[in-house]
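Line by line, the protein sequences are chains H and U.
Each residue of the first sequence is one higher than the one before, starting from 3 at the first, in our numbering.
Each residue of the second sequence is one higher than the one before, starting from 3 at the first, in our numbering.
It is worth saying that the hints were derived from the structure and are not from the lab.
Here are the simulated lysine-lysine pairs, BS3-like style, with alpha carbons at most 27 Å apart: (1) Lys372/U - Lys134/H; (2) Lys32/U - Lys134/U; (3) Lys32/H - Lys374/U.
In this text the structure is predicted, and so the values were computed from the model without any measurement.
Number of protein chains: 2
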Amino acid sequence: MSHKAFAPPSFSFAHTPAGFRFSAVRAGIKPSGKPDFACAHAVEGTTAAAVFTGNRMVAAPVLVGRDHLRQSGGLVRFVAVNAGNANCATGEQGIEACLAVCEAAARQFGCPSEEIFPSSTGIIGVPLPAEKLVGALPQVATQLGDTAAHVQQFAEAILTTDTRAKIASVAINFGDTPVHLLGVAKGAGMIAPQLLPHATMLVYIFTDANVLASDLQKFLNDAIEPTFNCISIDGDTSTNDTVLLLASGASGVSVAHSTQEPASKTFARALLEVCGSLARQVVEDGEGAGHVIELAIEGASSADDAKRIARSIANSPLVKTAFAGCDPNWGRILAAAGYSGAPMDPGRASIWIGGLPVCQKGRAAEGFEKNKVHEAMLQRTVHVRMDLGMGHGSCEFLTCDLTAEYVRINAEYST
Amino acid sequence: MSHKAFAPPSFSFAHTPAGFRFSAVRAGIKPSGKPDFACAHAVEGTTAAAVFTGNRMVAAPVLVGRDHLRQSGGLVRFVAVNAGNANCATGEQGIEACLAVCEAAARQFGCPSEEIFPSSTGIIGVPLPAEKLVGALPQVATQLGDTAAHVQQFAEAILTTDTRAKIASVAINFGDTPVHLLGVAKGAGMIAPQLLPHATMLVYIFTDANVLASDLQKFLNDAIEPTFNCISIDGDTSTNDTVLLLASGASGVSVAHSTQEPASKTFARALLEVCGSLARQVVEDGEGAGHVIELAIEGASSADDAKRIARSIANSPLVKTAFAGCDPNWGRILAAAGYSGAPMDPGRASIWIGGLPVCQKGRAAEGFEKNKVHEAMLQRTVHVRMDLGMGHGSCEFLTCDLTAEYVRINAEYST
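Isolated chain H (complex conformation) (with noise of 0.2 Å):
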């Protein structure tokens, strides 16, 4: 019953990684005049892995920051993230202004331009305003630093929409040696990550183990399956997720990728938890959100149709504006269900709320109380599990209900 991918955000800072400084600087770019750049700069070496929005209309920088790990064999010396304009649909003049940041932060810097790793996210459709980047380098270059607050001013300044900076950081003994994990995410709407191999989210992950490229993409596809990939907040898949996975090999810990060493299990645990946590807070973070809603399918035909029953519960308006409500209207999440696409036998499907049992085999539980299930529902975070008695297929997912003031945020005419 308790959901194991997302272990709720009890971590406290850590320390930073070692390897990896921070700053965050005002370029001009967020209408509210708040730090909008944010940048990480890395140790020669340090080793990256990324994963991508799994939408066909991607940003620019998603398209150079894909180009850039690939021409520099998963190199990444310098991490430049702007809020405020996602640099999508912006067409090759987009691409070209992206690319200027990268050259300008690589002469800055000393490294090559394949070496930069860019991000945006924002409005989508407005052409990026690079020389403001260009011009606030020399600052970021001045403020880098690797405290708490550091990491903080970072992960504030990726904020958009959001209310609040998202960090996780695990730390792992190999021996005498400390490891250190230390995430950073933004994102509260559009968020329906589909990340390939397979939002606007936003997510940076650091640690100081010595990882191959190659490896560090194997612990991330492994990681964010469960985690990234099993939350939504509005069904929207945006144009410019990221997660970006960096390695510095800077506490001198190396660990492989492999099923069977007990250093790769211990590092894809921390990874996982990381992932995990930083998940949950984007959900707690859904615009407008005034529940977190739990979901565990079990008993489906297998975990892709546990995960698509999953995903379509999540996404009914329906279901979340019942849950809003406070309302256990366990029909509309039957319903759902059923239009999945997934395998699915009503009259074999079970649902609790809150612990609570509301349908059993398709129809109202015996004794069902709607009142009680109501009290169930006023908490913040609610549970709910389903069995489709059809086979051995289960997910957890996690997402969050569709309030008025969801409507107010998105509804907004932007002048």
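Position chain U against the provided structure of chain H, taking the given hints into account.
Just chain U now, with coordinates in the frame of chain H:
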């Protein structure tokens, strides 16, 4: 640029197709105490065709209605519709309740039980009080009539969250003989029909043409695809969606389904007109809708891809809230098209809102004036054209915006 399939609801009530009588009474199912039991009586030999929801979770009346049509070979004498209770997720008990109503109606009107067609709409998961419907049948029988008032009462009794009755009628002449089509619909939420031969939307269409049941089914299959299957209010496909078409033959005019016959074409066109009008009326009455959005997708790789892209745009909460705020945020439209699963190349896509160019080949259109487009979006009906530049697939799709009022309607705790 015009939405041919969705003729504006300009029909005035013509007159009732011969062979049908209508009645609506208070059976005590709607908590409001309003009429909630709507019935239609048809002359002997009336043929029938129907399509039902594609949801795997189907309501008892859908199962019974489908069985009855099969058993009777496509004959219907009596249609019994209750609102206020969907008789869905009610198990074996729900089937028995539905059959009890059918058997009582068969006794009341002297016909085989399998010629009774049942429908239900309302809350899911609550047992249907069959005795209330059975008890109301004698009153139903005494009040049957064929005036415009009777049709209006039928149309009003089937409503749930709808704000108005939905009626469309067309008269066509075959030589000197008029043939009438009359359609009645309900539906305002849980609307994203994926009707199969291939909501809670309920549609009843009556004609006095003489049509074989098998031909009637072909006419219906043709008519629903570009109409009811091309609308969405909230993306939630219902468990109870039903479209029933009855032909009494009382006009004496026989029509066969044929791609050659002018009479077939005339009848098909009239049926399409009725379906298109009712489909538009359903969207016009979408829960909380402030705007109706007419999507015209062109240049897709195939007609199926065009529909997939249209559906993705229509169901995107970010697109829907942008229209609620009259915000020409065309990037959200492009992003929703990008994750539809259909092939697309953002660099070839262009978009017009209210006839004004907003996006040209993947970037802001030259001369895009945000405030001018904003003005155009203040209209109740907004036309959106998207040219994918990929091929010749096209479709018209009708949807509405997502407002705080939609959330209010659906988040209310149903005590």
